[in-house]
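Peer 1: Sequence:
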Amino acid sequence: MKKTLFVLAAFLWVVVAYAQDSKEAIKQFNSYSQLVLNKEFDKALDYVHEGIFEIAPREQMKAILEQTLNNPMMEVEMTLPEVKGISEIKSIENTHYFKF
Numbered sequence: 003m004k005k006t007l008f009v010l011a012a013f014l015w016v017v018v019a020y021a022q023d024s025k026e027a028i029k030q031f032n033s034y035s036q037l038v039l040n041k042e043f044d045k046a047l048d049y050v051h052e053g054i055f056e057i058a059p060r061e062q063m064k065a066i067l068e069q070t071l072n073n074p075m076m077e078v079e080m081t082l083p084e085v086k087g088i089s090e091i092k093s094i095e096n097t098h099y100f101k102f
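Residues are numbered in the numbering used here as their position in the sequence shown, beginning at 1, plus a constant of 2.
The reader is advised that the hints may include incorrect statements.
[What the hints assert, rightly or not] Under the rule of at most 30 Å between Cα atoms (straight-line distance), these lysine-lysine pairs were calculated in the DSSO-like manner: (1) K29 with K64; (2) K25 with K64; (3) K29 with K45.
[Claimed, not checked] The following label-pair restraints were derived from C-beta to C-beta distances: (4) Q69 with K45: 40 to 48 Å; (5) A65 with S89: 26 to 34 Å; (6) K101 with I57: 27 to 35 Å; (7) H98 with N73: 19 to 27 Å; (8) I57 with F102: 14 to 22 Å; (9) K29 with E56: 36 to 44 Å; (10) S93 with F55: 30 to 38 Å; (11) D44 with V78: 13 to 21 Å; (12) N40 with E61: 18 to 26 Å; (13) Q69 with Q36: 30 to 38 Å; (14) E56 with E84: 29 to 37 Å; (15) K25 with K92: 26 to 34 Å; (16) T97 with P74: 14 to 22 Å.
In short, the hints are calculated from the structure, not lab data. Glycine residues also receive a C-beta, built at the ideal position from the N, C-alpha and C atoms.
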């Protein structure tokens, strides 16, 4: 279950690295992750790249998070992920991405 939730969080998270350095990106990712742990989904979704909402609207993404993490039929335990490295920055259509 932890792995599934982490994959969901990783899918939702796309880091846009305009002029920010990797430390700032990691700080933002940790802030996002803490908001998800605290179940502050509206605030967490502020960190998600707006392009994701073209695929699934913000309210739908929020509903998925709420249904998954507030389901009384299952117990979910999460911890903050540990970033151990960052990939090379890739530019796609004037947007910069990298993977943790």
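Peer 1: If you check each hint against the structure, which ones fail?
Peer 2: Of the numbered hints, 4, 6, 7, 9, 10, 13, 15, 16 do not hold.
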